[in-house]
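2 protein chains.
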Amino acid sequence: SLQYEKIYRPDPKMLDRPLDSFARRHLGPSPKNVAYMLKTMGYEDLDGFVNSLVPPDILKKRPLLLEAPAEGFGEQEMLEHMEQIANKNKYKVKNLIGKGYYGTILPPVIQRNLLESPEWYTSYTPYQPEISQGRLESLLNFQTVISDLTGLPVANASLLDEGTAAGEAMLLSYNLSRRKKTKYVIDSRVHPQTKSVLLTRAHPFDIELIEIDTSHVENALEVLKDPKVAGCLVQYPATDGSILSGEVLSSFAEVLHANKGLFSVASDLMALTLLKPPADFGADIVLGSSQRFGVPMGFGGPHAAFFSVVEKLNRKIPGRIVGVSKDRLNKPALRLALQTREQHIKRDKATSNICTAQALLANVAANYCVYHGPEGLKDIAERIYGMTTILANAIQSKFSKFSISNKNWFDTLTIDLNGNSSSKAILNKALEKYNMNLFAVDENIVSLSLDETTTREDLVNLVKIFTDSSDVTKFISEGNEFPVFPKQYARFDKILTDPVFNTHHSETAMLRYLHRLQSRDLSLANSMIPLGSCTMKLNSTVEMMPITWPQFGNIHPFQPVDQVEGYKELLSSLERDLCTITGFDGISLQPNSGAQGEYTGLRVIRSYLESKGESHRDVCLIPVSAHGTNPASAAMCGMKVVPVNCLTDGSLDLSDLKLQADKYKDNLAAVMITYPSTYGLFEPGIQNAFKVIHENGGQVYLDGANMNAQVGLTSPGDLGADVCHLNLHKTFSIPHGGGGPAGAPIGVKSHLIPHLPKHDVVDIVTAVKSEYSIDSVGSAPYGNPLVLPISYAYIKMMGREGLPFSSVIAMLNANYMMTRLKNHYNILFISQESKNRHCAHEFIIDLREYKKKGVEAIDVAKRLQDYGFHAPTLAFPVPGTLMVEPTESENLEELDRFVDSMIAIKGEIEAFIAGEPKGQVLKNAPHSLEDLVSEDWSARGYTREEAAFPLAFLKNNKFWPPVARLDDAYGDMNLMCTCPSVLEVANDDA
Amino acid sequence: SLQYEKIYRPDPKMLDRPLDSFARRHLGPSPKNVAYMLKTMGYEDLDGFVNSLVPPDILKKRPLLLEAPAEGFGEQEMLEHMEQIANKNKYKVKNLIGKGYYGTILPPVIQRNLLESPEWYTSYTPYQPEISQGRLESLLNFQTVISDLTGLPVANASLLDEGTAAGEAMLLSYNLSRRKKTKYVIDSRVHPQTKSVLLTRAHPFDIELIEIDTSHVENALEVLKDPKVAGCLVQYPATDGSILSGEVLSSFAEVLHANKGLFSVASDLMALTLLKPPADFGADIVLGSSQRFGVPMGFGGPHAAFFSVVEKLNRKIPGRIVGVSKDRLNKPALRLALQTREQHIKRDKATSNICTAQALLANVAANYCVYHGPEGLKDIAERIYGMTTILANAIQSKFSKFSISNKNWFDTLTIDLNGNSSSKAILNKALEKYNMNLFAVDENIVSLSLDETTTREDLVNLVKIFTDSSDVTKFISEGNEFPVFPKQYARFDKILTDPVFNTHHSETAMLRYLHRLQSRDLSLANSMIPLGSCTMKLNSTVEMMPITWPQFGNIHPFQPVDQVEGYKELLSSLERDLCTITGFDGISLQPNSGAQGEYTGLRVIRSYLESKGESHRDVCLIPVSAHGTNPASAAMCGMKVVPVNCLTDGSLDLSDLKLQADKYKDNLAAVMITYPSTYGLFEPGIQNAFKVIHENGGQVYLDGANMNAQVGLTSPGDLGADVCHLNLHKTFSIPHGGGGPAGAPIGVKSHLIPHLPKHDVVDIVTAVKSEYSIDSVGSAPYGNPLVLPISYAYIKMMGREGLPFSSVIAMLNANYMMTRLKNHYNILFISQESKNRHCAHEFIIDLREYKKKGVEAIDVAKRLQDYGFHAPTLAFPVPGTLMVEPTESENLEELDRFVDSMIAIKGEIEAFIAGEPKGQVLKNAPHSLEDLVSEDWSARGYTREEAAFPLAFLKNNKFWPPVARLDDAYGDMNLMCTCPSVLEVANDDA
Ligand SMILES: Cc1ncc(COP(=O)(O)O)c(C=O)c1O
Ligand SMILES: Cc1ncc(COP(=O)(O)O)c(C=O)c1O
Ligand SMILES: O=C([O-])O
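Those sequence lines, one after another, are chains A and B. Residue 1378 is where the first sequence starts when you use the numbering used here, and the numbers rise one by one after that. Residue 1378 is where the second sequence starts when you use the numbering used here, and the numbers rise one by one after that.
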């Protein structure tokens, strides 16, 4: 505890250590508080506490050899260090590389009031709809944009990236055929990184990927006619810039539909503002990236992918969908719809493992559309098209020795150099003379894509690169002769007609709209979000600042390596630090969510087994307590999921594990275990479990979601795991963004390194190449690099000495709360008698005993909203319970406020059970303002005061749920997931 | 109107014009809206509208030759341009210049969630306390910090800068003697810029400023004994770094008090965390700057000055004071106290003209203290002291040829080079080898001040500069021997003991505190703030972004000119643009508020008259309708204020003006006129008025507060004014910051240019030197340079063609509202019959007729809060009225919501008059949440619904007043203006 004082408060006399220590800001309790909390629990100091908490064979306390000062960088040092790294990226270059990543302008009002606003970025996935109406509305806008532009009625609230979205389309098509149709056709002009992800995703199911050249329509139709074909994916506009005609697209759709196959189209939202929507040609699924709607390229991510489907697929669509429903008072209100489709319910029967997606970026894209409106968007698209065409005209003129290979285009030209130059020479000229990056298709062909940021000057420079005309302005004839998008390909319907896209076009109006949305959401800026398994810790300003620096934002994922030295340095150092922390030998940064990490880890294991001639090993043991993504991911890897029991004390049933391992030993591939367990317990026998698996020829996959209890105390590697994903958005401070972005690198032992994913367009700079590398698991080589500076800064600022205190204080906070609460509630699996006297960093409040008396866990969850809190994790891992995880960033006062609230609720539960009318307060919770001011209150049996201000602190600071309790069933029965209904919501005075 | 379409929405075909046009974002109504609004009022187009609005002799429409593209920069172009300029400032240098400006660290969480947050910076002065509790609480914290650290019980909520604060202290002392004591004594070691401001302020009253050397205590006491001495000001620590002993200070106080003089101390807050508070030695007034508590130096401002006084002066203290009172429900609540002291009530009897102050920066400083707490602040101060002492030891060692002239210090050393080097050589060495700026006191003496940002490496470099020791570390003995602040000077009381300074030390806690405060305030992020005369227009993100760039922030006002090329370019261009816009020949950027502008302009006029041998001219004619600062400023210039009548139609009584001008022609100095008038009217006869003044030997001062109706249509210069201040915080987009910062340059005709203020420490780079220059009106050479990029960007983004539309649309919005409202309310001075059929950019709703029936204007103002709006300007310029100014940034929907609200309130007024119980809703307004959920509602005569949601739009978006109507009288009777009471506020459940 002395050590804690030292870490927390730097000595003014020690001049080497800056006074703006991060630890003091990241960690909630002061040394004085810590002493008090320890005393409450009967401990002398933190060491004693940790020693009695973490089993001795688990506790390793290996020094963390981080690349930072032992006590971490000061906050200002960190920013300076970050700036130095950032400036090593070549970020003032114009990136015309295209391929799914484009220059865009993030409107400053959205940057400041959304992307840089903790009210937006610290919120959680909107599972508690009553306190999430703002981002739900914004995500509904996103879905409406997607639905409007693609022409398909149902869209989801984002997927991880275009590549995995394509993967989802393929698997949806495959699964729809009940896995009977084993061929999948793709246009050769799909983006190369998408192809790579499709290869990855096809492999476990032995789906045969067939690439066709759609310019040979007859041949293509011939291939599509095969009844084994589950579906086809074309890119529209294609990666070379060309646009397939409506006739061709329709003919594909017809042939596919004749055999009950699905027609999928990867498209571009900016193009779709002008282009006929794929729905017009019979597309069943349209997908792509919304990056160019205001989201920085960020070296590849995070960006929100989109996915829309025809009506009949609306219950098959992967990912989260926002839908309109009603609240208890019949007022329209939004919530996540059709959740029974998702992995947390369907587990290994789920058709997708996606969990955290890209909500924050979807919200940027949606608000980009709100701000620009249909005219604004079309203006941008028209200018892009016009400039592209002017350039094409120049290249096709007598002043150029080159030619355009794509017959038509929106923003992309593929230029055949006709042997008159080399790609290398042209790229060099563009870079050195004009500071532009183009893309080399091969030695003799280059391509380029224009975008929102392209200026007249850029256009002039491009003309100079590709022609020898000195008077380039002649190609840039403005006014009358400005090229207009060809009628043949154009859409003529009105887009984005909903008022929300036609109202907020002044900055003042936009500011207010963003502010209004934000004020309807509870985030970490309001109060603790004690979500077990989610680790809602501080996302500090210093960590977040670099996210909107152009040095990190304006980098294309396919930019030449020598231009991304800054990222290279940052990512390499982060990998090394993560290796130290986890005890692993290698890291892949590619997985961009926990579920993706699981998928990648399991694929890496399978690849390793395959390389040993054991490709038949396909059994994955998974404890019944596991998070739904575990079985879902295993299933997506083509694995057979075998459940393993848990004991009544919450621990893994080791004998059942042995039994199953033995039973399946010939086919055992892996076990997936969460540690500390999903019950928030340090299981002492874990290393035995690992031994059993290894002895039976399997590999150990550790789900690292609970890493926040391990850092500096133990590690997956030390414990003996072979692979583990690290939810950077939990343990390593990436904010949850209201449902994404995530970051979930996997760490592996050395034998698995050769199998880590590669990338087809660029080499992974931080890795060694290997013949065993699996294909890409995501579109971008490093997952979501733009948010990696957050974790990097977190680690560097906490430092070797500070970082373990994150885990220690997280556990202290949890155990302190539990100590106070256990006098009022049963805590699952914890008792003075059992071997579990402590929880790790989270604990489970058991409410099942009240169920038969009429009080459900959800009543408590909703009533907590009236106390200004987000509910703990509901019903995971055990139905009828609440799992509380405070994290280290909460201070004593806030812990006490939460505990006091739970104790007060206990009184309300008792009142309910005793049949006192006042107990109804639980059933009517949360109490929205409209509810509170409504007239007929007399029947309630409790006062408005009691409903609104059950504890005194609330009068000073309370978050008000904008709607009353949601009616989920109504919404799922009447699925409505695009915008017109928002208007209803807004205007309905019900 | 065609022109408007063109400005509003750039043509995608015109490649020269970026699509991210600012005009579209700044201006509320779309071209379609404009057409509709014109139609409502019976106009065909904007030209017709403007022509019928602005009298033909006023309408000049001179093209504005701005230094920017005709249609303005696009937003991204602007940011790039700004970055180019910014990078021309040498900002990575360490500025050890001191003299009241120090390096400091703005904690990132405060930067992002306060300084960069529109919720904070767009709010207005908290005159409507019910919807301003957040910033009032923060300002109360500021007052508590000041009171705690200075030891004096009463502090105000900020003044403009240290120099003017010293001026206020001097005038307070002088006025307390009923202007009988005409001598004022200052320590020669007061900061030089403060001396200059004192000279300025003393001049009009013929106060004799006597400079004494306080190191000769006996001599000093002799001077102070003179009964003509009104007071004395010392600097503690002094500008040379030395600290006067308690005995000396006490002896000064005693002597002064014996003659009823006042003892004033200019001090430094960081030093005061360690140093004995001046109150201990009998100080009556303590003042200074709070800049180093987190506020960037910003080339001189804006920073909040502080001012505290002994109890007996509590009704004499200048500026705004936040005090604790109660609301209607007896709940403690904050509001501005003792307003009857201020100029808007006392007019020329006021002892200060200060109006807008530095609220935003005071809030930064207050929250810096909240975040660091007493220990954190002391840690910083101790390190500064320790490092300074280590350096002093080195310089006093045998390794140095120099010596320290100050015997003691906190952070500042004055170093006598003893002829062994020259200041120039040392400054050069420091700059070139170590990238540090020191201060040259004279050719042989340099000084330097350490601060929060000084690192060990800096210290090593300083030792290298001043010694020839190669092993500098020997001076930096850490641990045991680290220098400790000498007991003799140290304070031993506890500082900042209030819980607010001891609670929010983690970033999470701080974030929530800032968020909670912000959520209690209504700002432009919520809804229109239609304050007549205040011009609450958009403060756009692009304009605001550069404010927190280090390139602008990290610049010391006394940094050598060749290091501030960026500022020089920006300020010069801004001056030229403002000349074009105003029709003037010269600009001074020094005045940092409107009131300061008035003062400066009048002083310039008097200096001009003096230079013509007409120093006897001292009469200033001011219409009775004038803003209170006008007469107060004139009085502070030693002028005799003569009121001029207004006619019943609101216009100036020209014949009275003639009468007075004639009557006072021998002594006529000036007239002060607001244009368009404070009634919001274009007075046609204005040029005649000017002629009359000129003919009688006077000069014309135009109050430019209403410039927003003039830009591009007419101008003060064209109309014939000689001088005018421009409230940049109104017309030119600087945000109001909840009560400052401001910016109010004055423009002058060429004959006045030689009289513009100079600066004593540095030359004004944008001006020509002149023997006639008046002394400084503020501490910093260019006023508040850090906020000038805002106005610069506003002008450059609107461009020559866009800028006039700000005025035109501002007037369109006002007249549209008025057109709708005049069917329901009387509009003052406006009628179909009178010559005023239109207002300019604002109009006055006359509520006087309802007064006798029991409804006051304040009832309407408070009831508007229930409709989610900030009230219009209340009781200015006419008691019993509301003055509405929507500005150009509001869109049609918002105008309509406000008008609808006013119409609904009209119904409530009628109900009240008819004696219907429902009319009581006006008297109980605003309805706080606690009020709404309270039990005993039955007596109200209206429902909770009617109270809370009188119109449907409110259910979707409503701002909730956190307290009920304030009881002003209670608070003024029980003055309480420091923190302990905040706790009461927070905890009181009354
Ligand atoms: C234990 C566990 N595993 C896996 C996941 C999935 O991670 P993600 O949501 O990033 O896909 C979660 C998410 O909460 C989790 O708690
Ligand atoms: C007409 C007029 N003159 C002068 C001022 C004073 O300006 P400032 O508050 O910046 O001192 C105001 C402020 O509202 C005003 O409206
Ligand atoms: O996202 C979760 O399922 O926790």
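These are computed hints drawn from the structure, not numbers from a lab. It cannot be assumed that every hint is accurate.
One copy or two, either will do: identical chains are not told apart, so a pair holds if it fits within one copy or between any two.
Think about it this way: if two alpha-carbon atoms lie no more than 30 Å apart in a straight line, the pair counts; the simulated DSSO-like pairs of lysine-lysine are [unchecked claim]:
(1) Lys-1784 to Lys-1390
(2) Lys-1390 to Lys-1778
(3) Lys-2295 to Lys-1755
(4) Lys-1693 to Lys-2332
(5) Lys-2295 to Lys-2042
Since we're looking at a predicted model, the values are computed, not measured.
Status of each hint after checking the structure:
1. For the identical chains of this complex, Lys-1784 and Lys-1390 are inter-copy neighbours only, at 23 Å across copies versus 72 Å inside a copy, given an alpha-carbon limit of 30 Å.
2. Proximity of Lys-1390 and Lys-1778 under a CA criterion of 30 Å is satisfied inter-copy only: 28 Å between copies versus 71 Å inside one chain copy.
3. Neither within a single protomer nor between protomers do Lys-2295 and Lys-1755 lie at most 30 Å apart by alpha-carbon distance, with minima of 57 Å and 51 Å respectively.
4. With identical chains, the CA atoms of Lys-1693 and Lys-2332 are never at most 30 Å apart, being 46 Å at best within one copy and 36 Å at best between copies.
5. Taking identical chains as interchangeable, the C-alpha atoms of Lys-2295 and Lys-2042 are never at most 30 Å apart, the minima being 58 Å within one chain and 80 Å between chains.
The structure fails hints 3, 4 and 5 (numbered hints given earlier, in ascending order).
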